[in-house]
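Residue-level listing of the chains:
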Amino acid sequence: MRIPYYPGCTLKTKADSFETSALAAAARLGVDLVELPRWNCCGAVYSLADDDLIHHVAAVRNLVRVQEMNESGLVEDELRLVTLCSMCFNTLKRSNLRMLENPEDLEKINALMDREDDYLGKVEVVHFLEILREIGFQRIGELVERPLADLRIAPYYGCMLLRPAEAGIDDPEEPSVQEELLSALGAEPVDTPYKKVCCGSYQTVRDPSAVAGLAYDILEHARSAGAEAVVTSCPLCAFNLDSRQREVREEHPSFQEIPVLYFTQLMALALGLGADRCGFHRNYVNPEPLLRHKGLIREEDHG
Amino acid sequence: MAELEYIEGYPAYMHELLQRVHATRDRRKDQVPEAMTPQEQQEVLKLHPDYAPGGKRKISVGPNRGDIAPDAVADLLEAYPLVEHGEIDVSEPDYDVDVLVIGGGLAGTTAAIWANMEGIPADRILLANKLRHGDANSIMAEGGTQAADRDADSLERHYLDSIGGGHFTNKPDVLRGLVEDAPLIMRWLHQLGAMIDRDENGDFVEKWGGGTSIRRLHSCKDYTGLEELRVIRDEFRGREIGCVEHYPAIELLTDAEGRVSGAVLYNLETGEYRVARAKATILATGGFGRLHIRGFPTTNHYGATADGLVLAYRAGAKLRDTDTVQYHPTGAAYPIQIVGYLLTEKLRSSGAQPVNVDGEAFVFPLEPRDVEASAIIRECYVRNRGIDTPSGLRGVWLDTPMIEVKNGRGYTEKAFPGMIRMFNRYDIDMRKNPVLIFPTLHYQNGGVETDPQGHSSVEGLWVAGEVSGGVHGKNRLMGNSTLDTMVYGRRSGISAAEYVRSGAEAGSLTLQHQKAYVEMLRDAGVEPERRSPMILPEYRGKEALARMIDVF
Amino acid sequence: MDNDSTPSEGKRLDLEEIMSRISEASRQVVSGVETEKVKNWVTIHIMGRAYRVPADLTILTAMEYAGYRFVRGVGCRQGFCGACSTLYRREGDYRLQAGLACQTRVEDGMYLVQIPFSPAAKPPYDISELDCDESTLFEFYPELARCVSCNTCTKACPQDIEVMDYVQAAIKGDFEALAEGSFDCIQCGLCAIRCPAEIVQYNVGQLGRRLYGRYGSPEPEHLARRLEEIEAGEFDEGLDRLVAMDREELERLYAEREREKE
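Residue numbers (this note's numbering), protein chains in the order written: chain B, 1 to 303; chain X, 1 to 552; chain E, 1 to 262.
Watch out, some of these pointers could steer you wrong.
[What the hints assert, rightly or not] Lysine-lysine pairs mimicking DSS-like chemistry, simulated, CA-CA at most 30 Å apart:
(1) X:432 - E:122
(2) E:39 - X:542
(3) B:12 - E:155
(4) X:29 - E:261
(5) B:14 - B:294
(6) E:172 - E:155
(7) X:432 - X:414
(8) X:318 - X:515
(9) X:414 - E:172
(10) E:261 - X:406
(11) B:12 - E:39
(12) X:414 - E:261
(13) B:12 - X:414
(14) E:122 - B:12
(15) B:12 - B:196
(16) B:108 - E:172
(17) X:318 - X:58
[Claimed, not checked] Okay, the calculated bits of chain E under chain B, using three or more residues with CB under 8 Å as the criterion:
(18) 147 to 153
(19) 162 to 168
(20) 172 to 185
Since the hints were derived computationally from the structure, they do not count as laboratory data. Computed from a predicted model, the values in this text were never measured in an experiment. All C-beta atoms in this analysis are idealised placements derived from N, C-alpha and C, irrespective of residue type, glycine included.
Modelling step: build the complete structure from the supplied sequences, incorporating the hints.
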């Protein structure tokens, strides 16, 4: 399966380990994520303003690239565009929906982009978790070489994968896709009431202490529910929950740090692709002691 | 006359003629004409504009009285100042600095940076530009920069290639400085972040240049001067060194002892003058292509009007090799909009051959520039094997499609993006069809004489780059000019900084040196209307000029 | 072509005559077109005023023909320096075109104005102290984050550079794409003048190329070796000899030097 793939800026810079692990895991599942030969920033935030069409140009331009990949034969009859970053997913998908629902907007954007081919409205934006669901969690379970046995993990969804409902990939109230994945990988999902609470993402530059407060709530609830680590599908949530633990500790001296992992890091580990592919060096709270303790990283893995 | 029919950018008759070039390419691929013997070179050089009779005369005034110079140059040297002693008050400085650099091409910018690196504070340096900072011949250098940094090469070989190309007239100690510092300059460029072409091993890609015996030419695609200048100018700006634009120097200032003490700058937009006082003055004003010597078109930028030669000469500096001019063998000869523009020598070192109207290669493609240019003139005007264009210009083909025959498909686009772009604007695809060439006025070989530190014969005055003379003798080799700008920009910047640090004081500000000079002009009978420096050439339409009146 | 027979090279030639023929052939390039020889004319509007000019000219030479003497808005005259940025519209076309006056042919009905200066701050930095990653670019040019991918910059570029693509490469920290993609930039400023996000693309490209040039590949080993040899004085003796050598000996050495194999 060759599918057009949109990495987004974060996965090319600060969170490149998430991409490395994702591409390795996808390849093991027989999915060839073909990066768009040309792509631009998705716009990072879906613009809610009715009269602010210019901010949708970035997203639509990336959708045109998917058409180009089909025309040039880089992929065959595959109009789905896979994303890993929940933020990019949300932005691209909602812009796409707006174009489909408002042909006048699409017409304007096509006219503005005059040098590009017109966007024909046929592209479908999907998140990598949806591809996993399509492959089937049972099938993924069969490919696991190193089950994440005895590892209790709290899935964290945040906002972008679930809301608004028309853009979500799961039941916005009772999501389960990450639990299903964790179970397939052999881990034990731990439910927490804070899994859908916003991590404070937009405030992270302006008001880090507000973010640290939310991170504290989310992480403390996960720990008190028995989780040893938290998993997320969004690199920005990952950053806020992981790196902000420094501020959390300053505020709450009794707070114990807890590793925050990206779902593809766990996949790469369980699929036996080696610790190197997981890129744990990028994590702020080092998950390796925990994983070593559980026998999931072993001496022979290194060198 | 009927409208001409155009095919692939060429009039139909030229397009038909160029089929002969296609027809012979296969045969010419492995049959390059032999390089000329010294005797053959001497014979063809009789056709060189420097040696052909006419167009030049003896300089009648100043330190080089009796030396030969092109008429256009002699006219400027034998001319009265734009402002004369006593006409304006120059006693109070508007800018008071340690080091004044006049001219912001590669040489001047490099000089300012190195003066700063050698301890002169950024606000004690001023770079004065006639146009914008960087609007200079440097930015148009396409081919490359020589530096003997390959294991197979040596400094001695670089020296020998250069002095032979210069017909053994180069100033030896100055040429030595050029070849000795060349590898250092390559390191400097790399450290500044210049993107010099590399091969798959990370080594510099080094190409042939005309007249060299080994591959030594470093390039940045065909935008070498642009890349070097952009990077060096960015470094200059990062240091926040003083800089004024559209402020040409119209005269040097001297003190009672005849030392240079600064310059009179002129605001091209408002017409005001400004006095810049400096302990050390570095002249880096470039060359003289816009004088259109012997009526030739030029590769040079708009401001290449020999201002520095005039200023230094009046202040008493000695010139040398004023009799020779470099005509680049391959200027564009078609279409009319780009006539005289440079087609880099690297095209020939990559396989392109000059070819006549019959499709025959008639000259070894990499002779020294004066020989190559003369051979093309001979082909066009003695043997009459050239191609006439609709505008009346005559040229020979440069078989550019041969580049991909020799280097593989896609090579031209990678190595010559600028050239392709230039011809594409006129619907000519140089990968597919040859282009038409004729020699074009390119470089001022001689200039103000210096010592190996870039110092002139007048105290307080350093000279760097094209305005200087000696390093190239009577003919410069390809890739030695950008090198010269950086080697002698650096050396003069360092030397000027040392001079300042050694306690040199700023001198008084006068135009006294003009007095004796003007007297000489009067004695020589020079008509009083002739004024210099030229500052900018005149290209306004004749009809418009004829109706111009001055009302305020 | 000349109709007369080719003179034999042995014959004494009037070299001065040849020089004057060359000069005559170049005259309209060097000293302006001769009106009586012009066959085709167009009308252009320079800052709103109509001028009839020869159709063969560029915007730059046409303005000169019309009587303008440039102090600004001109530099190399050959498309390298970026001094002659010009905006224009064609009659009946809503598009605002951008080009270099020295590289753009005049067209009938063209309305134009020059943009000889583009105000753009360039922060000072020392390249030797910077890291080659995207955070350096954002540190000096935080406005990069404002790019909405409208592509106006690309449309304004007279060098046909995909400006938006290299700005996007900067955002995602792809230094090779940034450096190679912006390499042909002549810093004319037209992209920055047109950018709704007020990014100064050419300065971003400049910083990116310098970081890539310096940190993208190490100094070649052969260069380091040569500099060590020079430092050790290995060429001193040879150069001393050459500098002191008389012309005859130099000529002999020059004639005898071996050419490296192609």
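Task: Contradicted hints - numbers only - done: Numbers 1 and 11 - these are the hints that the structure violates, sorted from lowest upward.
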